[in-house]
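So the sequence lines, in the order shown, correspond to chains A and B.
1 is the number of the first residue of the first sequence in the numbering used here; add one for each residue after it.
1001 is the number of the first residue of the second sequence in the numbering used here; add one for each residue after it.
Hints in this document: simulated from the structure, not taken from any laboratory.
Hints are supplied without guarantee of correctness; some may be wrong.
To spell it out: a stretch of chain A is covered by chain B in this simulated footprint if at least three of its residues, at any positions, have a beta carbon under 8 Å from a beta carbon of chain B; those stretches are [to be verified]:
(1) 199–212
(2) 265–276
(3) 315–323
Stretches of chain B that chain A covers, calculated by requiring three or more beta carbons in the stretch to come under 8 Å of a beta carbon on chain A [what the hints assert, rightly or not]:
(4) 1084–1093
(5) 1209–1219
(6) 1548–1558
Here are the computed distance ranges between Cβ atoms for each label pair [what the hints assert, rightly or not]:
(7) A:151 with B:1077: 28 to 38 Å
(8) B:1289 with A:111: 45 to 55 Å
(9) B:1073 with A:147: 31 to 41 Å
(10) B:1263 with A:349: 47 to 57 Å
(11) B:1068 with A:333: 14 to 24 Å
(12) A:193 with B:1502: 15 to 25 Å
(13) B:1065 with A:164: 49 to 59 Å
(14) B:1077 with A:164: 44 to 54 Å
(15) A:193 with B:1070: 33 to 43 Å
(16) A:165 with B:1073: 41 to 51 Å
(17) A:349 with B:1065: 31 to 41 Å
(18) A:151 with B:1074: 32 to 42 Å
The beta-carbon is built from N, C-alpha and C at its ideal position, and this holds for glycine as well.
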Amino acid sequence: MGSTARRPRLLVLTPDFPPAPGGIQVMAQRIAGAMGGFHTRVLALDSPGARRFDGEGALTVRRVGADAAPRKARNALLNAVALGEALSFRPDVTLSMHVVASPAAAAIRRALGTPTVQYFYAEEIGARPRLAAFAAARADVTIALSAYTAELIAATGAPPASLRVIPPGVDIPLDPTPLAVDRPTIVTVARLEERYKGHDVLVRALALVRAKVPDVQWVVIGDGSLRAGLEQQARCYGVADAIRFLGSVSDAQRDSWLRRAQLLAMPSRLPGGGFAGEGFGIVYLEAGSYGKPVVAGNVGGALDAVSDGESGLLVDPLDSVAVAEAIAALLLDPALARRLGGQGRERAQRFAWPAIAARVEAVLLEQLGAQDPR
Amino acid sequence: MCATLRHRGPDDEGVHSDGASGVTIGIRRLAVMDVEGGHQPLCNEDGSVWVTFNGEIYNHRQLREDLRARGHRFSTSSDTEVLVHLYEEYGDALVHALEGMFTFALWDERRERLLLARDRFGEKPLFLHEHEGELSFASELTALERVTPRLCELDPAAIDAFFVFAYVPGPGTIVRGARQLPPGHLLSWERRAGRVDERRWWSAAREAVAPRESFEQVVAEAGRLFQESVRTRLIADVPVGVFLSGGVDSTLVALAAARESSQRLKTFTIGYDVGAVNETAQARSVAQHLDSEHHELTLTQADVGERAPALLARIDQPLADRALVPLNALSEFARPRVTVALGGEGADELFGGYPRYRWLERATRVESSVPDVAVSAVGGLLRRSARWPGGARVAARLTPGPLLERNLDWVTAERRHRRQALYGPRLAEVGAGRVLGELAGRAGELDAKSSCRWLMHLDQVDYLPDDVLFKTDRAGMLASLEIRTVFLQRELAELAASVDTSMHLGSAGKAIVHAMLPPGVMAPPSRGRYRKTAFRVPAAEWLRGPLAGVLDHQLRRGAIYEEGYFDRRAVGQLVREHSSCVRDHSDQLWPLLALGLWADRFYGLDGA
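If we strip away everything but chain B, and leave its shape as in the complex, we get:
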């Protein structure tokens, strides 16, 4: 298993087996803190508590001081060692003392009890398999497959969900029998009883509240927490840089990092040689303002043809987030210069940055004043005639219906409605309502008072961990680079969850984050709104250019067609329309390409 994880941690490897109980925990490590002394698994003073750990504990120095003052003895300076001592102090509640991104497995030899934990936002993944009282776990699905030969079948329902969402929604996985520990959860396994107990230990609130404080006070508090978050994330024994997209979030990160850093800041950005979505100019102007050591990567079509197929196949669980390829390329580009990069992920989910929140909230209000028949007629027309994926979004705004369905149509560009035409016999029996039902279950009870708050919560527990953070972790780790998110800090998230949604949305969305930006750093917003520029990707052009051949090969030989998951003819029609520029089908073709390449590796068809 450890050999499979080499890319996650090229620097070290270790295993601890408890002979009496038959328990083994192992690790591969990317050394960021205490590069020399952080060998894992680690144990406490008397060897009764063992831990393997993946991630980063930002407040580990402070915790170590506290613990030392209480008489604990440390033998290394790595952040992992604080876990065993914290466990001795607080038991399972130790997670509440941790600030950071992590998963860990802790073996309590006396109680013969294993404790697994995943961080609050799901920044680090943890895959599980349970069978007849046995429990296996790993930070990558591929590694779990190696130790558990039973995991050899794909889950049709997960493939269906993947096609609709473009990621595999947790806590399930694409492989039947394997699952994930959800973000903010603990799992304990007692060997003697063979008992597994899983419970949530943290979540941000989901209900609407309305404190009487002023907007300025909230912005001031958010600004203080944000700066503190950057400060703690800059503590590393290795060089740190910032990924600058030119948008508000990453600009704020770079500003705060420049303020905290004693050395000249290193910033990195990416651009393309095709399409109209080049953001390098905005990033460059921010870099000039900061006087950072700025590095620009142009990801050419040739680069994409070379790296995208391998990456999409190699990732342990399929992901059709288009930004995966550029983010991984940027990580590899930055890696020779820095070991850690700060990113602005999570700001949109926590602070209401997606226009969808405003539009859907408005739509629910407008609905009551316009006749349903008229609205749905216009919506239906738009949906059928749309030559561009945006048509579905406009339709979603107009079509009356339950909030969850509208939201789904918006975020999935209507793949939900197209899938029956594309599915092969293996997916035919998948129930049409299942993805919706599962999604509703994850979001919890609907608080009808604020649809916006509810949608934000849904994105925080679903889209954020399973797409955004999975992408961020994999893109970085496959390049042996650690990406630290600054907005995903507990105090900041709790603050964001405890202010009124109207304060978030303001006139243009993400109002608190925008107000944190000092004037003069970025070009002034147009119509009160900074352009959304989070590493946009010319995927439609790539599918016509450097990846057209791969698509063709897929259609002829790909496992998803051979195994009967998708209909070759129907997809072939889509490809033809897309290549001849009649339509832009990239919203459907990109997931098919990502899944196809991944499945080829899974079935051993990739020649590997």
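Only chain A is shown next, with the shape it has when bound in the complex:
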């Protein structure tokens, strides 16, 4: 193995891959697509429109599992097919993008001696602590999105493998120029499924922000089953007329709101009972890439995503008064908002995908020399 004549082979195992929507999906694609030093093959779950999507891209993507099947069965199928795929593809490195693919990665490592690089986010560690511990223990290198993610991995009790913290990247927009808006605007971008994102705290904060900025509006992008409850909460606080729930919108619409708003607010907190919170918070960087300051919680992945006082304001995410004060400070002081926004844009450049993907590739290339010759 390891002939210098051919490019080394990389097998990427990921349940999540575009065109299915989501942050992890985009990440898997950005990374797999940028591994110029490798001959790359992706094994992913099927999703509506996948065939067309894969046909238009340059990557070789194998799809498994009908979309209608239950998630658990599809993940099991992904693992089974992965082993067969590895036997024919003979990868030099396996990149497992999610702990649910770790059983296959471990089996490939055992059968072929192929080193494994395992990605960790946050939510999955809280939801599946035993599988996460297994994944961390069987990997040669683990990649954590943030220092918070690294803590979560350590808390599973897995033996400390070689750990790298590599943040996710951001797509730098072609046109980040601000758009005009008729009211002072706060925007939040997140699915409305997890309470820890802090929409509830923002409703409470809005009642206070309004006392200082009477015509403020809060634009809520994203949909989910928490929406009805939030709409009710807003009515109970008498702030319903200051909130626009836009639901799911296109990327273009989302980007246009990031250009319009004065700031992005998402005070993510740490949920109780061992559930994990924000692994990183890529949306903070996206806001930064549009030159917008952010208000975020001073816990979890946001500590890595936002630089307090530089690209945004980090506050106690449970304290609605502190959240309101931070928002009002940015709305009432355009110079401050511009300064933090400008610094946020510079900071986002450092997280541009090409640079981040290069760091991931470097980790993968390191594994080539360190193969276990079993």
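Start from chain A and add chain B according to the hints.
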């Protein structure tokens, strides 16, 4: 007025009068935070904003830090002072920054505008009287009566409602012309315009929603909020204890308090020398588990005979919640050792703890499958033959009809149907439908999708403030002890209101709270359910024993009979049946006793 309020605050007294506008605000205080520096009324830096405040702001230290960072100067460390500075920052919206139980009056001298506020759940009371552009207010009805001689007549409709509910439902009061500011409301009064504006600033949601999150996630979130609530409520410059009933709610409070407290926790419980409702054993075993400094009070029949009549007469508005007497006794018992006690009030209302929610929801479902005639026949039979108050509850489960009426029959043990026989001429003209109509108005529009959610909301805006919290505040304050409720925290209440009701009810009710309890602390539940043990009271025995003489005296001389509100003969019959153990009429006699003793004081017949 302030002299009347001495028991609420033995530690301090103060008054501020604005000569130009003729506005006066005054205060008596029980000093819990900043015992030395908290003199009231307080003002801001230039004396243009004055405030009197009753209650406790749990997050005042954090607020003070924020405000100081923004350039506000503080001259005391009391929680009251944050109000004037918060008002300068946020105007009326300051209430949204407050975590705690409170009422306050804030006088803005520049705008000549008074702002009155009451906390979210109605933990602290605020009574009002308006007359020809004048506004008077006080935290006790008695104090309001002193400054407003006009308030000298009882309201027959309120007496009717009191007999049915066993408490006076807000926003009315027992005294004609006086009313309450409802929980979560603000009232502003502008002197120049003479204009009064009242609006709601907070309420928990009442509609049914169904997020997709897991039960475990909700329990984890509730547990985090609960622990946080206990932590903030333990911040005091004085010793803090926990009232332990042996039930799930107070056990959770004690567990969390033990975790947060640096000192050995003090726990207090109460038992009786009569009846079969002694819960001290369960409380003791929890106390052992926690290794707390545990104190048990046995409330004897002799104690009850001595303290109950005075207490029922002295309270500013009549209350027939049987737990008032023991809770006040427990507060006096605890007072030499602690100034503040944590309690588990509100858990049943917020988290669906009353079996009624499940039964009535089931009943509405069963109804469609059983013929109405059969069901109402059985229900009617039960109602007539029942020798025990529970019969009415069973009947309520079975009798078809509007949800509100069923609920009312359940909670009032059918006093609604018995009242015509007991009422005297003064109450004869009270409309039979009025209490129902008012109750429906308080609950708001019925969301037919979930009867359970609607009933929970009704209890939160009605029974909770007007009975449970009034009792808690008065029982504690009459002993100069502050009781802090842990479940009544805004975030926790909003979480509870935003999960699906099926998650609350589970298989046995209050499922989220039960799931917060770690295994091994309490005896395992029987049939999936912990026994409900919230300070139950042997009132039926007391009415036959130590209070029989008071009942008799009432019948002969009591104001409610003399003034023609109740019929002496009809009530006399009830008393005879009860004393001879033929029937248990305590559900009707206890309200009559409570009202009778209170009315004697009101009419000056108590010799005081």
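Here is what the structure says about each hint:
With 7 residues having a beta carbon nearer than 8 Å to a beta carbon of chain B, the segment 199–212 of chain A meets the requirement of three or more and the stated coverage holds. Judged by the Cβ-Cβ criterion of 8 Å, the segment 265–276 of chain A is covered by chain B as claimed, because 5 of its residues qualify and three suffice. With 5 residues having a Cβ less than 8 Å from any Cβ of chain B, the segment 315–323 of chain A passes the three-residue criterion, so the hint holds. For the segment 1084–1093 of chain B, the proposed coverage by chain A is satisfied: 5 residues have a C-beta within less than 8 Å of a C-beta in that chain, meeting the threshold of three.
Given as covered by chain A, the segment 1209–1219 of chain B passes the check, having 8 residues with a CB less than 8 Å from a CB of that chain where 3 are the minimum. For a cut-off of 8 Å, the count of residues in the segment 1548–1558 of chain B with a CB near a CB of chain A stands at 0, and the three-residue condition is violated. Checked against the hint of 28 to 38 Å, the pair residue 151 (chain A) and residue 1077 (chain B) passes, with Cβ atoms roughly 37 Å apart. Here the CB-CB span from residue 1289 (chain B) to residue 111 (chain A) is close to 52 Å, well matched to the stated 45 to 55 Å.
Against the hinted window of 31 to 41 Å, the Cβ-Cβ separation of residue 1073 (chain B) and residue 147 (chain A) comes to about 39 Å, which satisfies the hint. Under the hint 47 to 57 Å, the C-beta atoms of residue 1263 (chain B) and residue 349 (chain A), about 54 Å apart, fit the expected range. Checked against the hint of 14 to 24 Å, the C-beta distance between residue 1068 (chain B) and residue 333 (chain A) comes to roughly 19 Å, which is consistent with it. In this structure the hint that residue 193 (chain A) and residue 1502 (chain B) lie 15 to 25 Å apart at CB holds, the actual value being about 19 Å.
Judged by the Cβ atoms, the range 49 to 59 Å given for residue 1065 (chain B) and residue 164 (chain A) is violated: they are separated by roughly 38 Å. One distance hint, 44 to 54 Å for the beta-carbon pair residue 1077 (chain B) and residue 164 (chain A), holds here, with the actual separation near 49 Å. Distance hint check: the CB atoms of residue 193 (chain A) and residue 1070 (chain B) are about 36 Å apart, consistent with the given range 33 to 43 Å. Range check, residue 165 (chain A) to residue 1073 (chain B): Cβ separation about 44 Å, and the 41 to 51 Å hint holds.
Range check, residue 349 (chain A) to residue 1065 (chain B): about 36 Å between beta-carbon atoms, so the 31 to 41 Å window is met. Between residue 151 (chain A) and residue 1074 (chain B), the C-beta spacing of about 38 Å keeps the proposed range 32 to 42 Å intact.
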